[in-house]
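A.B. asks: Each chain is listed here by its residues.
Protein chains: 2
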Amino acid sequence: MPQYNAFTPKHLEEIVTLLEPSRVLHQTHDLLSYSFDASFGTYPPDVVVQPISTEEVAAVVRFANRHLIPVTPRGHSSCLSGGPLPVKGGIVMDCTKMNRTLNIDEEDLVAVVSPGVITAHIHKAAEAKGLMYPPDPSSSHISTIGGNLAENSGGPRGLKYGVTKDYVIGLEVVTPQGEIIRTGGRTVKNVTGYDLTKLIVGSEGTLGIITEATLRLIPKPQASETLMAVFDDLVHAGRAISSILAALILPSKIEIMDQASIAAVENYEPCGLPRDAEAIVLIELDGHPAAIGHEIQVVRELCERMKAREVKVAQDDSERNELWRGRKLVSPAIAKIKPTKISEDITVPKSKIPEAFERLKRIREKYNLHLVIFGHAGDGNLHPNIVADIRDQEEMKRAELAVAEIFQTAIELGGTLSGEHGIGTMKAPFLESELGAAGVDMMKRIKQAWDPNDIMNPGKIFAEPGQRLVLTDER
Amino acid sequence: MPQYNAFTPKHLEEIVTLLEPSRVLHQTHDLLSYSFDASFGTYPPDVVVQPISTEEVAAVVRFANRHLIPVTPRGHSSCLSGGPLPVKGGIVMDCTKMNRTLNIDEEDLVAVVSPGVITAHIHKAAEAKGLMYPPDPSSSHISTIGGNLAENSGGPRGLKYGVTKDYVIGLEVVTPQGEIIRTGGRTVKNVTGYDLTKLIVGSEGTLGIITEATLRLIPKPQASETLMAVFDDLVHAGRAISSILAALILPSKIEIMDQASIAAVENYEPCGLPRDAEAIVLIELDGHPAAIGHEIQVVRELCERMKAREVKVAQDDSERNELWRGRKLVSPAIAKIKPTKISEDITVPKSKIPEAFERLKRIREKYNLHLVIFGHAGDGNLHPNIVADIRDQEEMKRAELAVAEIFQTAIELGGTLSGEHGIGTMKAPFLESELGAAGVDMMKRIKQAWDPNDIMNPGKIFAEPGQRLVLTDER
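Chains S and A, in that order, are what the protein sequence lines are. Per my numbering, the very first residue in the first sequence carries number -8; after that it's consecutive. Per my numbering, the very first residue in the second sequence carries number -8; after that it's consecutive.
Bear in mind the hints are in silico, worked out from the structure with no lab data behind them. Yeah, the Cβ is synthetic: ideal placement off N, Cα and C, and Gly gets one too. A few of these clues could be false.
[To be verified] With a straight-line cut-off of 27 Å between C-alpha atoms, the simulated DSS-like cross-links for lysine-lysine are:
#1 Lys211/A - Lys435/S
#2 Lys211/S - Lys211/A
#3 Lys79/A - Lys332/A
[Claimed, not checked] Each pair of labels, with its calculated beta carbon distance range:
#4 Val289/S - Gln439/A: 49 to 55 Å
#5 Ala428/A - Asn94/S: 24 to 30 Å
#6 Ala111/S - Asn359/A: 53 to 59 Å
#7 Glu423/A - Ala395/S: 44 to 50 Å
#8 Glu260/S - His112/A: 51 to 57 Å
#9 Arg353/S - Ser24/A: 54 to 60 Å
#10 Lys120/A - Asp308/S: 42 to 48 Å
#11 Ala238/S - His112/A: 21 to 27 Å
With the sequences and hints as input, model every part of the structure.
C.D. replies: The structure is reproduced here in structure tokens:
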């Protein structure tokens, strides 16, 4: 186990020589503002730094490595797995002020971006030139691209377009020992040495700090169509999704909301969704108008054949936006039900989507929990959310058991613990059950070889001996 | 530097207990058959093993690691960068008999394959179910998928569809110390720990031996169109390509042949190509018939505007095949010009394609070499090939200098040494010029952490101290 040094006033004195003192925060209220993300727990750091250049990032990392002080990089911290939590204290590196570069190169079909740029700004800049940056996590209006890169964010377009990693072709990175390296470049084809780009993307800030990224862009699809199908049985909805994929149609989005999600939305901000339905499926097709005009009819027929009680195709942009509005409200809506929200993120092979729904329904009944199911059903990425009250210790105990069973279900169905949120702190105890001891060992070897002092975002991905999921106050 | 043990009869005695003796080859003629690939040099191994199961692979690797004997995995060895060459002797592991699994799962949209399966067989099996496995290296009719995975093969479809790595979502791997691990899985979304899948794909057999892979498939496009444009100036051809991409059209293939390629083909097997043209560009669009029917007209106009002297759109499958026939003959045709072929593989950003052509022309003149240029121009991946005669030492010296200048050009234009062939032995001395010392160091740390005895395909990717490119007999 690494031994960190306690952060002292002397350390603070040295840090303010590395970057402008106004960008070194150490008041109690600052430290509290940087102590949480959108997951669980509160961990105040010892100091917050706000670099504006790669050189400043490197200087702080070298300082931290020399003095054995942990460094946790952070964007806007919409993270759902604890990535930006400074669980071992030390330095939080707030990268949001590194937001000066957002260059779209329409000849090379790339965007070059600083880590603090907001993801939605990349979408907008690309679209202004007729291009698209496909990864679109639900938080994209507030999340930074740096956070998306660290966690390899997904979003609803994963089915057709893949995830963040699929669009990153080059990085500038400060290594855990403070060296500045460049990986990949501006070309899609590149086999010069190991692919460090795709190793670092999704490594949750444990292998270095990304200070610039080159993202691949694609031509923006000319048109899109949206359809809503309403089902009286969640499992029928799963079968409809499977049948669309089996018909070799690749929608840009297939989203699902179960009855609990529908009720939450209608209670929060009524959208006219059918409260008595067991599931709503929203499907978006994009591409050439002639192609998707034909495909949307096939999708309609398949949904009807799979017992949809109602199928509605949006006729214009305003109808399209109205259909998507309910889906976008699910997360804020369920956060209102009870104070504590445990967001899971399992992913199963496409053929197992109906079975995953069946088993999640059984888990909800077995543990008598408020379990809401929604997510990116087309790529098998489901977000079972347990809403509970952390003050009800008995309920939280049941939630702990349910979470473990949800993970077990994902693995048994040939899926994974996490499709797009990352492992962070909460899923670390379950890593070995998916990867095996040898698989985890190969990952740890990389971490140790790159970061022998374990200063880069320690306490993430890899569990400490005996660590287990604890949602109650006992920790 | 690691010290290997000499291979002794005692070692052979032990190996034949690990797999059936008929699959352990050690006669001189066997060793010679396994001493070369499609690149440079001849390195006979001490023994060849032909495993048929993951357990046999693991047993041999554990044996090799215990006795400090190098292991070099090998498919059908169409490799152009020396990947399968046993440059340090020891064991060649012929994986071509591991060819039993080729399962297409049309529900999950994946193929599960053994490493010895021929790539073209995957194409065929996927197409039989209406699906497509897009990576299509030129050697796909003979290459094994294991070799494609080791080298992260590309091919003409890189522009629109990416490369091998973009379609690998899960692996079974024997590590350099003989452990069996599984990486990734059957889902596109997976952020459970570091992405070992994409680290291992393209690592040229230096980080382990792939014993099974799960490949992502997509629906097969409904239709395709092919166009040939003839240019009197290579640089105009480059500008035409840039203008098509700038018009936000993403062809499935954009291939280029220069005058030397055209002449080579016409001398080898006449196809009616215009010998006096300086370049031919072949463009394939795929997708919905209505979409590509419109796009092909835009492409035609752009080529004409960029001074194409002739543009021809194929009217049916037989015309399409005829247009592609010449392109497919380039490699065999130029191999007939002179006995020695040095195949390069630089890749430049799309906007730099015209400048790359200009500079390659200058290099050809400066060194007075038979330099043939063809390749996947749409993704910037060019194959400058020098044809020479190894018995002409003075010519080979000029070739050495030209190759170094070609690499320098790629790096100066913001590109890379290798787009799809790999670094292997020949490009190793140039690795640091692209990645910097710190970048190479981070790669070496992974290699050392995974393979402390350096037994897995040693002598590849990383140059030995003082190593430089030598094409003459002096080595």
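A.B. asks: At the C-beta level, are Glu423/A and Ala395/S separated by a distance inside 44 to 50 Å?
C.D. replies: holds (48 Å)
A.B. asks: Holds or violated: 54 to 60 Å for the Cβ distance of Arg353/S and Ser24/A?
C.D. replies: holds (58 Å)
A.B. asks: Is it true that the CA of Lys211/A sits at most 27 Å from the CA of Lys435/S?
C.D. replies: Measuring from Cα to Cα gives roughly 39 Å; hence the hint is violated.
A.B. asks: For the pair we were handed, Lys79/A and Lys332/A, check the Cα-Cα distance against 27 Å.
C.D. replies: holds (24 Å)
A.B. asks: Just tell me: holds or violated, for the beta carbon distance of Lys120/A and Asp308/S against 42 to 48 Å?
C.D. replies: For Asp308/S against Lys120/A, whose Cβ atoms are near 36 Å apart, the range 42 to 48 Å is violated.
A.B. asks: Are Val289/S and Gln439/A spaced within 49 to 55 Å by their CB atoms?
C.D. replies: holds (54 Å)
A.B. asks: I want to verify a distance hint. Is the separation of the beta carbons of Ala428/A and Asn94/S within 24 to 30 Å?
C.D. replies: holds (28 Å)
A.B. asks: Would the hint linking Lys211/S and Lys211/A be met if the CA-CA limit is 27 Å?
C.D. replies: Since the Cα atoms of Lys211/S and Lys211/A sit roughly 21 Å apart, the hinted pair holds (cutoff 27 Å).
A.B. asks: Verify the CB-CB distance for Glu260/S and His112/A against the hinted window 51 to 57 Å.
C.D. replies: Because 54 Å falls inside the window, the suggested range holds.
A.B. asks: With respect to the beta-carbon atoms only, verify the hint that Ala238/S and His112/A lie 21 to 27 Å apart.
C.D. replies: holds (25 Å)
A.B. asks: Could you check the hint for me, namely that Ala111/S and Asn359/A are 53 to 59 Å apart, CB to CB?
C.D. replies: At roughly 55 Å between Cβ atoms, Asn359/A and Ala111/S fall inside 53 to 59 Å, so the hint holds.
In summary, the structure is inconsistent with hints 1, 10 from the numbered list given earlier, while agreeing with the others.
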